Every structure is written in C-alpha cells, then in structure tokens.
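Asks: Listed below are the residues making up each chain.
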Amino acid sequence: MRDKQIEDLKDYKYGFSTDIESFKAPKGLNEDVIKFISNIKKEPKWLLDWRLKAFERLKVLKEPDWQKPKYPKIDYQDLYYYSAPKSFKDKPKSLDELDPKLLETYQKLGIPLNEQKRLNGIAVDAVFDSVSVATTFKETLTKQGIIFCSISEAVQKHPELVKKYLGTVIPLTDHFFATLNSAVFTDGSFVYIPPGVRCPMELSTYFRINASDTGQFERTLIIADKGSYVSYLEGCTAPMRDENQLHAANVELIALDDAEIKYSTVQNWYPGDKDGKGGIYNFVTKRGLCKGKNSKISWTQVETGSAITWKYPSCILKGDNSIGEFYSIAITNNHQKADTGTKMIHLGKNTKSKIISKGISAGFSDMTYRGLVDISPKATNSNNFTQCDSLLMGNKCGAHTVPYIKNKNSDSNIAHEATTSKISEEQLHYCQQRGLNPEEAVGLIVNGFCKEVLQQLPMEFAVEAQKLVGISLEGSVG
Amino acid sequence: MEEQLKIDFEKKLKDFSYSEQEKKFKQTNFKEFLKQGFPNRKLENWKFSDLNQIIKSNIGELTFYNDYKKENQIDKIELINDLEHNKLIIIDGKIEKIDFKFEEKDKIEVLVEQGEETIKENINSLINLNNAFSNKFCKVIIKKNYSLIKPLVIYHSTNKNTQSKNTNLRIDFKLEENACLRLIDIFKDNSEKNFLNIYYNFELDKSSILKNYKIDKSMNNNVKYSYNNVKQQANSISETFILSSGSKFLKNEINCDLQGQHSSAFVNGIFDLDEENHHEIKSNINHLVENTKSYQLVKSVLEKKSKAVYQGKIFVSSEAQKTDGYQLSNAILLSENSEFNAKPELEIYADDVKCSHGSSSGSLDENSIFYLMSRGLNYKEAKKLLINGFLLDVIEKITDEEIKNLIKNLLGIKE
Chain L
1 MRDKQIEDLK DYKYGFSTDI ESFKAPKGLN EDVIKFISNI KKEPKWLLDW RLKAFERLKV
61 LKEPDWQKPK YPKIDYQDLY YYSAPKSFKD KPKSLDELDP KLLETYQKLG IPLNEQKRLN
121 GIAVDAVFDS VSVATTFKET LTKQGIIFCS ISEAVQKHPE LVKKYLGTVI PLTDHFFATL
181 NSAVFTDGSF VYIPPGVRCP MELSTYFRIN ASDTGQFERT LIIADKGSYV SYLEGCTAPM
241 RDENQLHAAN VELIALDDAE IKYSTVQNWY PGDKDGKGGI YNFVTKRGLC KGKNSKISWT
301 QVETGSAITW KYPSCILKGD NSIGEFYSIA ITNNHQKADT GTKMIHLGKN TKSKIISKGI
361 SAGFSDMTYR GLVDISPKAT NSNNFTQCDS LLMGNKCGAH TVPYIKNKNS DSNIAHEATT
421 SKISEEQLHY CQQRGLNPEE AVGLIVNGFC KEVLQQLPME FAVEAQKLVG ISLEGSVG
Chain S
479 MEEQLKIDFE KKLKDFSYSE QEKKFKQTNF KEFLKQGFPN RKLENWKFSD LNQIIKSNIG
539 ELTFYNDYKK ENQIDKIELI NDLEHNKLII IDGKIEKIDF KFEEKDKIEV LVEQGEETIK
599 ENINSLINLN NAFSNKFCKV IIKKNYSLIK PLVIYHSTNK NTQSKNTNLR IDFKLEENAC
659 LRLIDIFKDN SEKNFLNIYY NFELDKSSIL KNYKIDKSMN NNVKYSYNNV KQQANSISET
719 FILSSGSKFL KNEINCDLQG QHSSAFVNGI FDLDEENHHE IKSNINHLVE NTKSYQLVKS
779 VLEKKSKAVY QGKIFVSSEA QKTDGYQLSN AILLSENSEF NAKPELEIYA DDVKCSHGSS
839 SGSLDENSIF YLMSRGLNYK EAKKLLINGF LLDVIEKITD EEIKNLIKNL LGIKE
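First to last, the sequence lines map onto chains L and S.
Oh and the first sequence: position 439 is 439 in this note's numbering, straight run, nothing missing.
For any residue, its number in this note's numbering is found by taking its place in the second sequence, counting from 1, and adding 478.
A couple of the hints might just be wrong.
If you only want the chain L side, here are some residues facing chain S, beta carbon under 10 Å, derived [claimed, not checked]:
1) Lys396
2) Asp411
3) Thr419
If you are wondering where the hints come from, they were derived from the structure by calculation, not from laboratory data.
Bear in mind that the values here come from a model prediction, so they are computed numbers and not experimental data.
Don't be surprised by glycine CBs; every beta carbon is placed ideally from N, CA and C.
So that you can see chain L by itself, here it is in the shape it has in the complex (with noise of 0.2 Å):
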C-alpha cells in the first residue's frame, strides 16, 4: 500500500495536460504580436505605447550569460506569446459559466475555486494560461476597499493605479527577460490595498502553462498603500511535456509607509523527467520596493520544481528603518539546476535585512545561491544578516555559494555565513533505529533542516510545502 503510494508521489503529480481548444496569437515576437496582444486586451494607448518602448530596448539587449546553469538557445520566434482558452473569449460572469474541465484541474490542483472551498478562506486569481479565470471573494475584499484583480482587469478599472506604478520597481530597460515581459505580458494579478487597512485574508494565484510552445509572461503588481498589510501567495504548476518551456515573469511590489508585504511562492512546475528532459525555463524577476518608512517586504519561497530555476528576488530598502526578509528553500532533484538568491539594497537609514537560504542537492543537481548585499553610503546604522546552508546528497551533485558583500557604510554591519554539509550517518542511523526506513529518515532531517523558512509560510502552503519537500527528494536516498 505504502509503495504504491510512493510510485505515485513520484511521478509528477501535476502532469495532466486539460484538453481545453487555446486562442493564439501567431508564434513569433515582432511589432504585430505585441499590437495583437494589447488589441485584443483592449488596452489604452500608453500602455501599447510602454510594450513597444520596451521592444525597442529588447532589441539591442543581449540574453545574460553569467548563470551558472546552462541552457540551449532559446528561439524567441519560435514561441507563442499570447495563448487563452477559446470558450473564454467572451468571459464568463460567474463560477458557473466555466468550462466544465477547467474546474475540473483545478480540483485537480486542490485550489479552493468553488464554493465549498471558500471556508478555506483564500480569494483565489487563477491565471489559466496568461488569462485570469475567474476572481473570488470579491466581494468581501471591495467592501474594504481592496482591489485584487486580473492585471487586464486592472488596466481597464484602475488605469490611474496601473500606471503611476506599472514599471517603477522593474523599469522598462532592465535585463532582457525582464525587458522581454514588459514588451509582451499577458496578464497577472494587480493588488492595492488602501490606507490602513489590513488585508484579512491570505490573497492567492494559481499559475499553470497548459497549451505548449507557448512562454507564460504574467506580469504581477502589489501595492500596499501607507499603514496596510497583506499577505500574497503564488503557486506553480504545468503539464509534463518533452520540450522546454519559457515562464519570465515579472513581478513589483511597493510598500508604502508602514506597510507590510508578505509574498509567499511555492514553485512546482515540471522539473522534467529523470534523465532531464522537458521542463520549465523559470526565468523570473521579483523585485520590491520599501518606498515609505518604516515599511516592510517578506520574500518567501519554497522552489521544488522547473528544470532551471533562475531568480533573484530582491528589496530596495529606500525609505527610512525600512526592512527586507528573504527565506528560500531551494531543492534540485535529477538534473534540475536552480541559481537562486536574493539581492537586498540598503539605501535608507536605519534599514534592515535578513537573508536565510536552504539549499538542498541531490541526484545529478546543481544549485546555486547567488546573493548581492549593498550597502550605500547613505544608509547609516543599517543591518544585515545573511545564512546560507547547502546540503549535499551524494557526489554527482553540486552545491555553490556566491555572495556578493559590499559595504560603503562604516556605521553598517553586515554579517554573512555559509555551511555546506550532507547528512550525518549518526542522524540518519539514529531515527532509522526508531524504525523509520531511509526515506523516511531523509525527510524528516530535511524538514528540520529547513524548518526556519517553512516556518515563515502561512499556515496552508506550510502543509502542502512540508509534503513538497517530501516528492522531490523521493528516490534520491540508497
């Protein structure tokens, strides 16, 4: 009984592909495309205007070499960039209108869209293929003032919003997949909290690529307004499929004054099969923004899958006694490859972060934590503390720790530490003599090890996060 349900953790369990008829726009990136994408969303002039700004920087910039995993060239004319549903063309009112099958993966995926769920407490965005589904718990949410809606939605209701922030954290000519996004992103969610209110519940996305050949570009904007809070979720997934595929996000935080952001990611996208096959490109920008003092960015995430995982999330910490916390949990299973990390900016008095890394390798892996501390001149009495601990499991796997330190700042500290290590036969021996068997015994040494940042999670991610940890390590002990 207990093997069978093994042999079934193992094999990916989000690799069902729904046979829903996609909209496309025609492969390939030129001027055509990005007009279609932005007709058919039926986008105001400036926003056209703000893509094709960035095509034109898109041209002269070069893709970034520097990453430690490599990766076959990827054709930009060869891809979808625009890829929704057909029957949503004309979208649906309310819950009942979906498509049958889509609801149906998203029971799949265990996301509290439909009613029932609801007691779970979590409004939900579901993004299906860069086009926003349908939007829960709208209601409560407008009562207090709170806008949580699709990006496209948002470019529409709150042009205001949109574009006084759209591009203020990941400008126009930042590097290229960031650059690449703003020219041809599809949707995403949008997130303003107003002044002094506390969002009461955990706000979530749902992320899927579904049709192939197709690069997932959602484009994601928070903005917490002085005195607020909110919490946000993202999580991962997509269908197994023999090719590799491209998702380069973008995602902006702003916290104003007294705010407070928490973003919480759970990555599990198709890592590819055994042998490395297939698999999700994750080449994401996350970056936030402490505008106003005293306010506070939380970066935390839990990345488990895609074949090359590639981001920096990161904080400028501009306004004064301003403060930025990153907490990852990175595993690479196979031949998976991940050069993660975070970059914090000091640039305002008083500020301060916090950086705690687990990395874990295994199998033919590679992973990498690259992180960039900087503190400028200007931020006088700011804080640091950094820890990044690597666990190796086996000797066809790689661990690396490439901080960046830079301290201008003589009333700064900064303080940085890093271990590398595998399991102790001691531990493992130990918890195998009170008859767990090696797997179990791996996983629980595992969940300790990363008990720091799971611990940072909200309390639904937490479980589904502590079972992650499980799968992806699943075949990598004996």
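Given chain L, work out where chain S should sit, using these hints.
Replies: Quick look at chain S alone, frame taken from chain L:
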C-alpha cells in the same frame, strides 16, 4: 597604448637573442595581451577592481620596455637589519643579486637565463603580459630533505627615475621532497606611478613546506599585481600571509591546487589601508583529491577613502571527499568613505565535506571603546588597542616566530 606596446615589444625582441621557440612563446602571449588588454570590471574576477581604469587614472600612459643590460645600483636599498636572511634583489624586474650565504651551496640550485617555459594555460591577460615582457626565466630549486636555515627575502625595488613603466617578473620555485622554504617578499619603492606585475610559480613535492610572507607596508604610488600559482603534492603545506597596506593599488591572487592527499593550504591576510588605497586579495583553493584542508582568514582595517576587496573561492571536485575548507573575513570600517567588498564563494561537487565561510563588516564596537575609556585610556589609545587586538588574530596564525615578530614590529604591535 597599442602603438607603444608594439614598439616596446619589437625593442624587447631585438635585445636578446631568443631561440625560435622562446620567440614564438613571447609572441603568442603578446598577441593574446593585445587582444584582451588590461582586465576591466566586465570580467567577473575584476568586478570590484577595474585595473584598466586604475592604471588610466593613476599612471596614464605606460611604457613597457626595460633595458635589462643596464646595471642598477643596489646599495641604495634599505635592507632588513634585525633578521639574518638570504637575499634576492630585484630592481625594475631584473634580478640584480642572488645571495644564499647562509645555506649549503649544493642544496640549492638556481637556474637563470634558461629558456624553459612551463606554463601554457591561459590564466589572465596580465600573465600574458608578464610572459611577453619579463626578463629571462629564473628557477630556484630546493633539494630533497633540505630546509633553508635562514629565510629568503626578495626585495622588489625600482630605480628612482623609473616612471610610468610596467615591469614584469617571473620566478619559479621547486621544493623537492621534504624541503622547506621560508620566503619573504618586501617592496622597496623608490619611484612612483609604475605598474609591477609579479608572477610566482611554486611546485611543492611530497611533504614539502612553503611559507610565503608578502609585505607591502611603505606608502607609495605604485600599482601592483601579484599572482602565486601553487601546486601541491601529498602531505605538503603552503602558508601564505599577506600584509597589504602601502601601495596605491595591490591585488594579490593566490591559486592553490591541492593535488596530493593530506595536503593543506593556509591563506591569511591583513588589509591595513589609509588614504585612497585600493587593495584586493583573490584566492582560489582547489581541492582536487581526498583529505585535503584549507584555511583562510582575512581581516581589514579601513581608513579614509580606502577600499578593500576580498574574493575567496573554495572549489571542491567530486573526488575530493573529506575536504575541510574554512574561510573567514572581517572588516572594520573607520571612515564614512571607506568601503569593503567581499565575495566568498563555495563551489562544491562532493557530499562528504565540511566547508563553511563567514564574512562580516562594520564599525568599531562603541561599548568596547567606552569600556577602555572608562579605564583611563583616551579615545585614540582605545581605538588603537582594539584594532591591534583585531589584527593580532591573523598575526598569531603565522607559524614562524622570527617573522611573526618582524611583522609585529612593522605594524607597531607590542605585546
């Protein structure tokens, strides 16, 4: 610059009667340097120190030709008095004097003017520059089972009228089985605005011990780069200590290949910087086989507009199980304008290892100063005492008592 390089290189080739093979070697290296030029910040290893820019702003136009036929006066160089030692005196990249008067003659072999070029791998463009322009090759061989009685001091000096010049030096050392060498490098800068490029190659046979102390203390306006390439066989030990202080710019690069089991490498350094000095230590410790060990400790005290960079890398190959690697860097920033950058890097492919690194930077602890001042010290004394204590940690790592005392005197630390 390119014009100047070509002219100087032609002159250089005419000066000596190089064999065809040597000529070819020099030309290939020269071409490679022409192609790459001085390293700039676009290269990962030079991210924090843009040498191209530093040379431009501190020296301006460089010339590369040195007349090695000319005799230099060596009596002007101040020698170390309180320590008996063997001497190797270098002026403008030319070896002027080799003196092993304390040693048994047949235990040490010095090969000069022999055209053997061993290193062909491409390390960086500065090594190419060195290979192209350095004077004839010099190799020091310490014979089996011989320990030098007194340390060898290499004086790096420049002529008074040498200016805006690039000088290159390359020396190879071979320590045969069970040999031991204590080596001190001291800079005596008589002139300003030169670029010194030094390249050492060490081969450490089984159970040999190398202790290299690099001392850059006196204030000067020169730009320097030093590269140590160490290859270690089983049970060998290398200890490198760097006191980085006086020059305008100094980058010490240590590359250590631990090729034999139970070999170990120690790299310790002190940055004691003032004014606008900009110094860097870059280490690469490559653990290639089982049971090897490395230990690195770097401490910095930074005044005024100075800038220190520490890039330390521990590489562990998949064969190198049971590796023990440790790396720590601490910095005290004493002025608003000083800057400390660190990039402690781990690249690990074996699972049964113990590797860790730590890095911290910040200001002097106000509480400690308060404690000392409440006991009657003035602010200056309190500060001095704390800094000395901070640096003493590194100095205590020096395993040679004589040299430890010499360095303590240089830094003005009394016990």
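Asks: Against this structure, judge whether each hint is valid.
Replies: Results for each hint:
1. Lys396: At 7 Å from the nearest chain S Cβ, L/Lys396 passes the 10 Å test, so the hint holds.
2. Asp411: Since chain S brings a Cβ to about 5 Å from L/Asp411, closer than 10 Å, the hint holds.
3. Thr419: 4 Å, holds
When each numbered hint is compared with the structure, no violation occurs for any of them.
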